[in-house]
Amino acid sequence: MAEWNAYYHNEDEEEEQEEGEQSGGDYKVTGRDSLVFLVDASKEMFIKGEDGQPSNFDMTMEVVRSVYTSKIISSHRDLVALVFYGTEQSKNPRNSFKHVYVYHDLDEPGAKRVRDVDGLQGDKGAQLAADTMGSGETSLGDALWCCANLYSDIKLRLSHKRLMIFTCRDDPHGDDSTKDRQARTKASDLKETGVVIDLMHMMKPGGFDVSLFFCDIVSPPEDESELGLQLEPCDKLDDLKKRVRAKEQKKRTMSRLNLCLGKGINVAVGMYATAVMTRKPSAIRLYRETNEPVRSKTRTFHTQTGSLLLPSEIKKAQVYGKKQIVMERDEVDTIKRFDDPGLLLMGFKPMEKLKLHHHIRPAVFLYPEEDEVKGSTCLFSALLMKCREKNVFALCRCISRRNYPPRFVALVPQKEEVDHGKVQITPPGFNAIFLPYADDIRTVDAPQCPVASQMQVNKMKEIVSKLRFKYRSDAFENPVVQQHYRNLEALALDMMAPEDTEDLIMPKVEQIDQRLGPLVQEFKDLVYPNGYNPESKPAAKRKTADTGGGAEKKPKMEVSEDELKAHMQNGTLGKLTVPILKEACKQFGIRTTGTKKQELLDALTARLGS
Numbered sequence: 001m002a003e004w005n006a007y008y009h010n011e012d013e014e015e016e017q018e019e020g021e022q023s024g025g026d027y028k029v030t031g032r033d034s035l036v037f038l039v040d041a042s043k044e045m046f047i048k049g050e051d052g053q054p055s056n057f058d059m060t061m062e063v064v065r066s067v068y069t070s071k072i073i074s075s076h077r078d079l080v081a082l083v084f085y086g087t088e089q090s091k092n093p094r095n096s097f098k099h100v101y102v103y104h105d106l107d108e109p110g111a112k113r114v115r116d117v118d119g120l121q122g123d124k125g126a127q128l129a130a131d132t133m134g135s136g137e138t139s140l141g142d143a144l145w146c147c148a149n150l151y152s153d154i155k156l157r158l159s160h161k162r163l164m165i166f167t168c169r170d171d172p173h174g175d176d177s178t179k180d181r182q183a184r185t186k187a188s189d190l191k192e193t194g195v196v197i198d199l200m201h202m203m204k205p206g207g208f209d210v211s212l213f214f215c216d217i218v219s220p221p222e223d224e225s226e227l228g229l230q231l232e233p234c235d236k237l238d239d240l241k242k243r244v245r246a247k248e249q250k251k252r253t254m255s256r257l258n259l260c261l262g263k264g265i266n267v268a269v270g271m272y273a274t275a276v277m278t279r280k281p282s283a284i285r286l287y288r289e290t291n292e293p294v295r296s297k298t299r300t301f302h303t304q305t306g307s308l309l310l311p312s313e314i315k316k317a318q319v320y321g322k323k324q325i326v327m328e329r330d331e332v333d334t335i336k337r338f339d340d341p342g343l344l345l346m347g348f349k350p351m352e353k354l355k356l357h358h359h360i361r362p363a364v365f366l367y368p369e370e371d372e373v374k375g376s377t378c379l380f381s382a383l384l385m386k387c388r389e390k391n392v393f394a395l396c397r398c399i400s401r402r403n404y405p406p407r408f409v410a411l412v413p414q415k416e417e418v419d420h421g422k423v424q425i426t427p428p429g430f431n432a433i434f435l436p437y438a439d440d441i442r443t444v445d446a447p448q449c450p451v452a453s454q455m456q457v458n459k460m461k462e463i464v465s466k467l468r469f470k471y472r473s474d475a476f477e478n479p480v481v482q483q484h485y486r487n488l489e490a491l492a493l494d495m496m497a498p499e500d501t502e503d504l505i506m507p508k509v510e511q512i513d514q515r516l517g518p519l520v521q522e523f524k525d526l527v528y529p530n531g532y533n534p535e536s537k538p539a540a541k542r543k544t545a546d547t548g549g550g551a552e553k554k555p556k557m558e559v560s561e562d563e564l565k566a567h568m569q570n571g572t573l574g575k576l577t578v579p580i581l582k583e584a585c586k587q588f589g590i591r592t593t594g595t596k597k598q599e600l601l602d603a604l605t606a607r608l609g610s
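Quick note on the UniProt record's numbering: the sequence shown kicks off at 1 and runs consecutively.
For the record, the hints were derived by calculation from the structure and aren't laboratory data. Incorrect hints may have been included.
In silico lysine-lysine, PhoX-like type, Cα no more than 25 Å apart, as pairs [said to hold, decoys possible]: (1) K315 - K297; (2) K461 - K524; (3) K43 - K91; (4) K459 - K470; (5) K315 - K355; (6) K374 - K315; (7) K98 - K236; (8) K459 - K524; (9) K112 - K241; (10) K586 - K596; (11) K191 - K98; (12) K124 - K236; (13) K415 - K390.
Kindly produce the complete structure, drawing on both the sequences and the hints.
Structure follows, in C-alpha cells:
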C-alpha cells in the first residue's frame with residue numbers, strides 16, 4: 001500500500017502527463033519530423049563573392065551541416081535528406097529523373113553525413129562536386145517529383161514534412177514554359193500531401209525577383225506566426241542561418257487551453273516555452289554485450305506472498321488522527337482535481353503593480369489557436385492591443401493540466417519585433433508570469449552592515465555606468481555544455497582534437513580596465529584605510545612557542561583621533577578590527593560592557609560625534 005505523502009505531487013501521475021497533453025483529450029505529438037534540402041547545383045551557385053566572400057553553394061553547405069549537427073543533438077530521430085538538381089550526373093531511386101542527384105536519402109542524420117557535407121565545402125568541395133555531379137540542365141519539376149518519391153518510400157509515420165529550396169536563380173527554366181508548368185503542378189501536388197515548401201533564395205547580380213516563378217511554388221504561411229516568403233535575398237551566412245532556423249525549428253505547444261473572458265466568451269490559446277535552459281543530455285544505459293539501450297521497467301510485488309500486484313490492487317493511504325485512511329486512485333484524483341484546465345480572467349491591473357520579485361519561475365508564452373475556436377485570433381489581438389494601449393496586464397487563474405493546482409498568472413502584452421531581414425525576433429502575444437502566493441514571500445532580516453557614505457555611493461554609480469551594456473541571452477553560451485558537445489563531435493567525426501570553445505562568461509579584464517581607468521583606485525581610496533592592500537594575502541597565524549607553550553604577546557595598535565574621525569566620515573570605521581577598536585576605546589577612556597564589534601562601533605561613534 002503506497003503512502004500518500006504529498007497533496008498535489010505524485011510521480012506516478014506526472015509520468016502519464018506528457019508535455020503535449022491538453023484539456024478535452026490527450027494530445028500527443030506522434031511521428032517524426034522530416035526535412036529535405038533541395039539545392040541548386042548550377043554554375044551560378046559556385047561563383048565566389050566579392051572580397052573573398054564564400055559562394056552561395058558554400059553558404060548552403062554550411063547551413064546544411066549546421067542543421068545536421070543540431071538535429072543529432074536535439075532530435076536525432078528526425079529524417080533529413082540532401083538532393084541536388086541541375087546536375088550533369090543523375091543518381092536517384094530507379095534513376096527515373098535526369099539531372100537530379102540524391103546525395104543523402106531521407107534518413108536519420110549521423111556522423112558520416114556530416115563528414116560528407118564537410119567534403120563539399122571550400123575549393124576542394126567545389127571541385128569534388130564538379131567531379132561527382134557536375135552542372136547541367138535544370139528541371140525543377142523532376143526534382144520535386146523525386147522528393148515526392150523520397151517521402152512516399154518512407155514507411156514511418158511523419159508528423160511534419162518540409163522541403164527547402166536553395167537557389168540563386170529566379171528563373172531556373174528560362175523561357176521554357178512547359179517546365180514551368182510541370183514544376184507548378186508538382187509543387188501543388190506536394191502541398192496537397194502536406195509537404196511545406198520554402199524558398200531560401202540567395203543574392204545574385206541584378207537581384208532576385210520571386211514574382212517571376214517561385215511565388216507559385218512555395219507554400220503560404222501556415223498561420224500568422226509563420227515566416228512567409230521573404231522578398232529580400234540572403235547575402236550573408238548569418239541571415240541564411242536565421243531564416244532556416246526560423247522555418248526548421250519546432251513550434252509545439254506545451255498545452256492548449258481556453259482563456260475564459262466571461263460567460264460564454266472563450267479564446268483558444270497555446271502555451272509555449274520560448275526559452276529553455278540547455279543541459280547536458282542524461283546518460284543512456286547500454287547492455288554491455290550488445291551495446292543496445294536498456295529499458296527499465298518497474299513492477300510492484302506483495303511483501304508477504306511475493307505475487308505481482310496489478311495497478312487496480314494498489315491503494316493510496318494517508319495517516320490522519322493516528323488512523324490509516326485508505327483511498328482508491330480515483331478518489332485521490334477527485335480530491336486533487338480543482339477544476340478543468342484553462343485560464344480564467346480575474347481582472348486587470350496597471351503594470352506598476354507587477355514587481356521584479358514576483359518572478360518565481362520561467363514565464364510561458366500565449367498565442368491564439370484559430371483551429372480550436374474560430375475567431376480566437378481576432379479577439380486575442382484586440383485584447384493584446386487594448387492592454388498595450390492602457391499599459392495594464394490581465395490577471396488570470398491558470399490550471400495548465402489535469403489535476404494541477406491553480407496558479408495566478410499575469411498576462412503581460414508583448415508586441416512583435418522584426419530585424420532588418422524581416423525575420424521575427426519577438427512574436428506578438430502575452431507572456432504569462434506566474435505570481436507568488438503570500439506564503440511564497442517571506443521577510444528576511446538583513447544583516448547589520450556599515451552604511452556607505454554618499455561619496456562612496458556616487459563613485460560606485462560611476463563605475464556601474466561605465467560597465468553597463470545591453471544584455472542578450474544568445475550572446476553567452478554555457479561553456480560546459482559547449483565543450484561536452486565539442487568532445488562528442490570530435491569523437492564521432494574522428495577528429496584529432498575537439499575544437500576550442502571560448503568561455504564567453506569570463507570577464508574581459510583588459511576592456512574593463514580600459515573603460516574604468518582611474519575609477520577603481522579612487523573607489524579603493526574611499527573604501528579601504530590607508531596602507532591596506534585588499535589583494536595581499538592575510539598574515540599567517542603565529543605558532544605557539546615551543547618552550548613556554550603560550551602565545552606571544554601582540555604589540556599594541558594605536559590609532560589617532562584624526563584617523564578615527566576620517567574613518568567615520570568615509571564610512572570605513574567598520575573596517576577596523578576588534579582589537580584596534582578596543583584599544584581606541586581605552587585610549588579615549590570609553591567604558592564598554594560588551595566586546596561585540598557593533599557595541600564598540602556605537603560607543604566610538606557617540607564619543608567622536610560629541
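Status of each hint after checking the structure:
1. K315 - K297: holds, 20 Å
2. K461 - K524: holds, 14 Å
3. K43 - K91: holds, 19 Å
4. K459 - K470: Holds, because 22 Å separates the two Cα atoms, which is no more than 25 Å.
5. K315 - K355: violated, 44 Å
6. K374 - K315: violated, 43 Å
7. K98 - K236: violated, 32 Å
8. K459 - K524: holds, 10 Å
9. K112 - K241: holds, 22 Å
10. K586 - K596: Cα-Cα ~15 Å, so holds.
11. K191 - K98: Given pair K191, K98 holds - Cα atoms ~23 Å apart, limit 25 Å.
12. K124 - K236: holds, 21 Å
13. K415 - K390: holds, 14 Å
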